[in-house]
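Residue numbers (the working numbering), protein chains in the order written: chain A, 1 to 173; chain B, 174 to 771.
What the hints contain is simulated information worked out from the structure, not anything from laboratory work.
It is possible that part of the hints are untrue.
[Stated by the list, open to error] To list a few chain A residues with every Cβ distance to chain B over 10 angstroms, as calculated:
id, residue
1, 92
2, 97
3, 98
4, 112
5, 136
6, 151
7, 153
[Unchecked claim] Listed below are the simulated BS3-like cross-link pairs for lysine-lysine, each with C-alpha atoms no more than 30 angstroms apart in a straight line:
id, chain 1, residue 1, chain 2, residue 2
8, A, 79, B, 206
9, B, 206, A, 157
10, A, 157, B, 325
11, B, 386, B, 408
12, B, 446, B, 507
These numbers were taken from a predicted model, which means no experiment stands behind them.
Just so you know, even glycine gets a beta-carbon here, dropped at the ideal spot from N, CA and C.
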Amino acid sequence: MSSRSACSLAAALLAVLLLGPPAAAPAAALAEPEGRVILTVSGKIRNRNGGADARFDRAMLERIGEQDLRTTTPWTDGKQTFRGVLVRDLLAAVGAWGDTVHAIAINDYSYRIPVSDFDAYPVILASRMNGELLRIREKGPLWIIYPRDEFPELREKAVEPRMVWQVRALVIE
Amino acid sequence: MRIGRLITVYSVLGVIILAFSASMIFSFNNLRKYEQLARNELTDTTWILAQAEVELIRFLYVLDLYMYAEPPVVSKEDVIEHMEIFWSRLPLFLEGREGRRLARIGDAQETARRALETLARLEPVLTGLDRSDVGEYQAARAELHGLLAPLKRTLIDARQWQDAADNIRTERLDRIYAELIIASIGILVSSACLALMLLHEIRLAHRAQSAEKRALLQLSEAIESFSDAFSLFDKDDRLVMCNQRFREMYASVDELLKPGVKFETLIRARIEKGHVPEAVGREEEWIQMRMRRHRNPSDDFEILQRDGCWFRISERRTKDGGCVCIWTDITAMKQRQQDLAEQQRRADSANRAKTDFLLTMSHELRTPLNAIMGFSEVMKQEMRGPLGSSQYVEYANDIYQSARHLLAVINNLLDISRIEAGRMELDEHAVAIGEEVEKALRLLEDEASAVDVSLVRAVDKDLPLLLGDPHKIQQIVINLAGNAIRYMQGGGRVVISAFRDGEGGIVLCVEDDGQGMSEEDVQRVISPFVRLSNPLVRQQDGTGLGLPLVKALVELHGGKFELTSTPGEGTVAVAHFPCERVLGDGPAMAGGGLAGPH
Numbered sequence: 001m002s003s004r005s006a007c008s009l010a011a012a013l014l015a016v017l018l019l020g021p022p023a024a025a026p027a028a029a030l031a032e033p034e035g036r037v038i039l040t041v042s043g044k045i046r047n048r049n050g051g052a053d054a055r056f057d058r059a060m061l062e063r064i065g066e067q068d069l070r071t072t073t074p075w076t077d078g079k080q081t082f083r084g085v086l087v088r089d090l091l092a093a094v095g096a097w098g099d100t101v102h103a104i105a106i107n108d109y110s111y112r113i114p115v116s117d118f119d120a121y122p123v124i125l126a127s128r129m130n131g132e133l134l135r136i137r138e139k140g141p142l143w144i145i146y147p148r149d150e151f152p153e154l155r156e157k158a159v160e161p162r163m164v165w166q167v168r169a170l171v172i173e
Numbered sequence: 174m175r176i177g178r179l180i181t182v183y184s185v186l187g188v189i190i191l192a193f194s195a196s197m198i199f200s201f202n203n204l205r206k207y208e209q210l211a212r213n214e215l216t217d218t219t220w221i222l223a224q225a226e227v228e229l230i231r232f233l234y235v236l237d238l239y240m241y242a243e244p245p246v247v248s249k250e251d252v253i254e255h256m257e258i259f260w261s262r263l264p265l266f267l268e269g270r271e272g273r274r275l276a277r278i279g280d281a282q283e284t285a286r287r288a289l290e291t292l293a294r295l296e297p298v299l300t301g302l303d304r305s306d307v308g309e310y311q312a313a314r315a316e317l318h319g320l321l322a323p324l325k326r327t328l329i330d331a332r333q334w335q336d337a338a339d340n341i342r343t344e345r346l347d348r349i350y351a352e353l354i355i356a357s358i359g360i361l362v363s364s365a366c367l368a369l370m371l372l373h374e375i376r377l378a379h380r381a382q383s384a385e386k387r388a389l390l391q392l393s394e395a396i397e398s399f400s401d402a403f404s405l406f407d408k409d410d411r412l413v414m415c416n417q418r419f420r421e422m423y424a425s426v427d428e429l430l431k432p433g434v435k436f437e438t439l440i441r442a443r444i445e446k447g448h449v450p451e452a453v454g455r456e457e458e459w460i461q462m463r464m465r466r467h468r469n470p471s472d473d474f475e476i477l478q479r480d481g482c483w484f485r486i487s488e489r490r491t492k493d494g495g496c497v498c499i500w501t502d503i504t505a506m507k508q509r510q511q512d513l514a515e516q517q518r519r520a521d522s523a524n525r526a527k528t529d530f531l532l533t534m535s536h537e538l539r540t541p542l543n544a545i546m547g548f549s550e551v552m553k554q555e556m557r558g559p560l561g562s563s564q565y566v567e568y569a570n571d572i573y574q575s576a577r578h579l580l581a582v583i584n585n586l587l588d589i590s591r592i593e594a595g596r597m598e599l600d601e602h603a604v605a606i607g608e609e610v611e612k613a614l615r616l617l618e619d620e621a622s623a624v625d626v627s628l629v630r631a632v633d634k635d636l637p638l639l640l641g642d643p644h645k646i647q648q649i650v651i652n653l654a655g656n657a658i659r660y661m662q663g664g665g666r667v668v669i670s671a672f673r674d675g676e677g678g679i680v681l682c683v684e685d686d687g688q689g690m691s692e693e694d695v696q697r698v699i700s701p702f703v704r705l706s707n708p709l710v711r712q713q714d715g716t717g718l719g720l721p722l723v724k725a726l727v728e729l730h731g732g733k734f735e736l737t738s739t740p741g742e743g744t745v746a747v748a749h750f751p752c753e754r755v756l757g758d759g760p761a762m763a764g765g766g767l768a769g770p771h
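Produce the entire structure from the sequences given, and follow the hints as far as they go.
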């Protein structure tokens with residue numbers, strides 16, 4: 001972890017905060033991933049670190065800032081405590097400017113999610129459940145978790161397919 | 174009655190509509206639930222099972238590629254990743270929503286548990302697997318391949334279970350649709366009934382309203398056509414309506430005469446303009462009196478207007494506390510009343526003059542008559558020596574008889590005049606009727622036998638005493654029996670009876686079998702100074718005062734006199750003496766009672 005990458009991330013965030021819409025923000029370079037890449041963001045983004053993509057290892061995601069989300073899911077029993085980065089923070093970090101996030105899973109399952117979901121709700125890209133890192137067999141490494149318990153409207157059937165698990169890439173469209 | 178029935182019908186209809194609506198809402202809710210259920214089950218469960226199978230096949234495929242592809246195209250990490258992916262599908266059989274659902278389908282969960290066990294067992298083998306470990310690979314692959322068949326079986330079971338559930342659901346959905354249709358028809362029919370009834374009600378109300386309007390119009394026309402002045406005030410004493418006649422009466426305060434004006438305001442305005450003479454000088458007092466009468470109307474009262482017209486004011490309270498006032502013009506009636514009073518006064522005065530004249534005249538006539546009677550009696554009895562010729566004696570007798578008759582006439586006239594003038598008083602004693610009758614008949618015996626009339630006495634032996642004037646009672650008997658004798662032609666009989674009537678009074682009755690009279694004549698003979706125009710009786714002497722005098726005498730005793738007659742059969746004269754005049758119940762003793770007869 002270099003101080004240079006921290007600075008550039010801070011600069012990118014500052015640019016977003018000060019200059020308003022991401023469209024107006026100048027492109028900024030992201031830090032290079034040092035560990036294994038677990039997420040690739042591509043498409044309509046301004047900040048990249050490897051050609052056309054923004055690649056993240058676990059540490060980079062953790063640096064964006066993680067938070068807990070305690071909720072039920074249709075596929076688990078009882079309430080679970082998930083932890084991960086807020087999708088809206090992640091989108092800000094890559095300078096995303098599209099309307100739709102196309103989430104792609106390891107097994108190539110994919111689903112298109114409107115960006116407005118992430119603006120309206122604190123949706124996270126969970127990497128931990130009950131403190132433990134999510135392995136692939138536990139629907140990791142990244143799982144899009146909606147705060148279903150907090151917002152009853154998110155218990156709608158239509159929201160379920162957006163909770164994509166085993167996410168490996170996001171394409172901003 | 175009708176209102177009650179209507180409320181019942183509307184309530185029933187309302188309840189029906191509510192019940193159908195509730196059923197509809199319930200059905201819609203069920204519909205939604207079943208539809209959602211169908212969507213969930215069809216998609217999720219089969220999707221999860223199919224995905225597990227697909228991931229297992231992909232895992233096997235990647236494993237095979239790893240072992241045999243030349244040159245190698247997949248790494249061991251790929252193999253592990255696919256194992257992980259397949260692994261991640263298995264907990265879905267056991268937990269969460271689909272886990273709960275799959276618990277009911279065949280041995281889906283058992284299959285998943287076995288697969289998890291197998292994976293856990295094979296994990297170290299696969300992690301350490303090398304392309305040269307063909308034996309281990311084959312053993313592992315065979316075991317993994319063995320998972321496919323149960324998975325397939327589970328998918329088919331789920332499919333069948335789904336179909337059965339679908340059938341049940343379809344039946345239920347059909348039932349719900351039928352319920353919805355029935356409820357819709359029910360609501361439609363009830364609403365139509367309700368609408369029709371409301372329409373009918375509106376028409377009825379409209380009809381009633383126009384009938385009411387018509388009735389009101391008729392009423393106001395009728396009130397307008399009154400010759401009397403009519404006005405109606407409400408419970409706050411404000412004018413509601415009045416007719417043209419009333420407006421004419423209040424023409425001088427026309428500007429006030431609008432609906433809503435207070436009664437007192439109208440009265441004050443009229444009094445201030447001096448329309449009521451009797452209120453002049455004491456206006457406030459009069460208004461107070463008028464308002465008192467208006468507030469508690471009882472009898473009608475009369476009022477004189479400045480223009481000389483009299484009105485009778487009739488005020489009545491209505492049920493709702495209002496007041497109806499009717500002013501009737503009674504000027505003409507008042508005028509007639511005054512005229513009549515004047516005539517009556519004049520007639521009374523003339524009658525008094527006549528009576529006074531008769532009284533005076535009677536006295537004046539009686540004095541010389543006493544001399545004529547006295548001297549003619551002396552002469553016919555030849556008290557002072559013979560008259561010389563027997564004819565003189567006869568003449569003297571004629572003079573005496575004529576004078577006596579004249580005296581009787583004058584006495585009757587005097588009596589009637591006295592009675593009319595109110596100067597006749599009874600000299601009351603306890604009278605034994607039988608004795609007085611006997612005395613009276615003794616005086617008539619000669620006259621009766623002369624015309625061959627027999628006098629029959631039929632006085633009740635047990636008759637009690639009567640409080641009366643014995644002379645007057647004698648006079649009554651003499652007049653009645655005398656009349657009967659006088660009007661008999663060619664003999665007959667006169668029955669004089671006395672008895673008690675049903676009410677405790679005493680009845681004195683004189684009955685003859687003479688020629689009788691017509692009803693008209695009966696009325697005439699009771700009136701003073703009238704004699705029958707019958708030529709047969711005109712030859713008889715009489716003053717025509719007998720019966721009126723009898724009537725007056727009986728009435729002086731507080732009794733009643735009746736005369737009934739049938740032409741050709743006879744006449745009955747009846748004097749009723751009231752029970753108040755009857756003294757005790759014992760039989761009258763001759764000369765007994767309070768005092769003997771004079």
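10 angstroms cut-off, C-beta based - residue 151 of chain A kept clear of every residue in chain B | Nearest chain B Cβ is 19 angstroms from residue 151 of chain A, so the label holds.
Between residue 157 of chain A and residue 325 of chain B, is the straight-line Cα distance small enough, at 30 angstroms or below?
-> 27 angstroms, holds
Check on residue 98 of chain A being off the interface with chain B, judged by Cβ distance over 10 angstroms | 28 angstroms, holds
Would the least Cβ to Cβ distance between residue 97 of chain A and chain B come out above 10 angstroms?
-> The claim stands: residue 97 of chain A keeps its Cβ more than 10 angstroms from every Cβ of chain B (closest is about 32 angstroms).
Straight-line alpha-carbon gap residue 386 of chain B to residue 408 of chain B, limit 30 angstroms = 22 angstroms, holds
Pair hint residue 446 of chain B and residue 507 of chain B, alpha-carbon separation not exceeding 30 angstroms = 25 angstroms, holds
Quick one: work out the minimum CB distance from residue 92 of chain A to chain B and report holds if it exceeds 10 angstroms, violated otherwise.
-> 30 angstroms, holds
Going by Cβ atoms, does residue 112 of chain A stay more than 10 angstroms from chain B at every point?
-> 18 angstroms, holds
Quickly compare the C-alpha distance for residue 79 of chain A and residue 206 of chain B to 30 angstroms and report which way the hint goes.
-> Roughly 25 angstroms between the alpha carbons, so the hint for residue 79 of chain A and residue 206 of chain B holds.
Beyond 10 angstroms from each Cβ of chain B, as asserted for residue 136 of chain A = Not fine: 3 angstroms to the nearest Cβ puts residue 136 of chain A too close to chain B.
Does the claim that residue 153 of chain A lies off the interface hold, with its Cβ farther than 10 angstroms from every Cβ of chain B?
-> 15 angstroms, holds
Could you grab the alpha-carbon distance between residue 206 of chain B and residue 157 of chain A and see if it respects the 30 angstroms cut-off?
-> 13 angstroms, holds
Figure legend: structure checked against the earlier numbered hints; the only hint not met is number 5.
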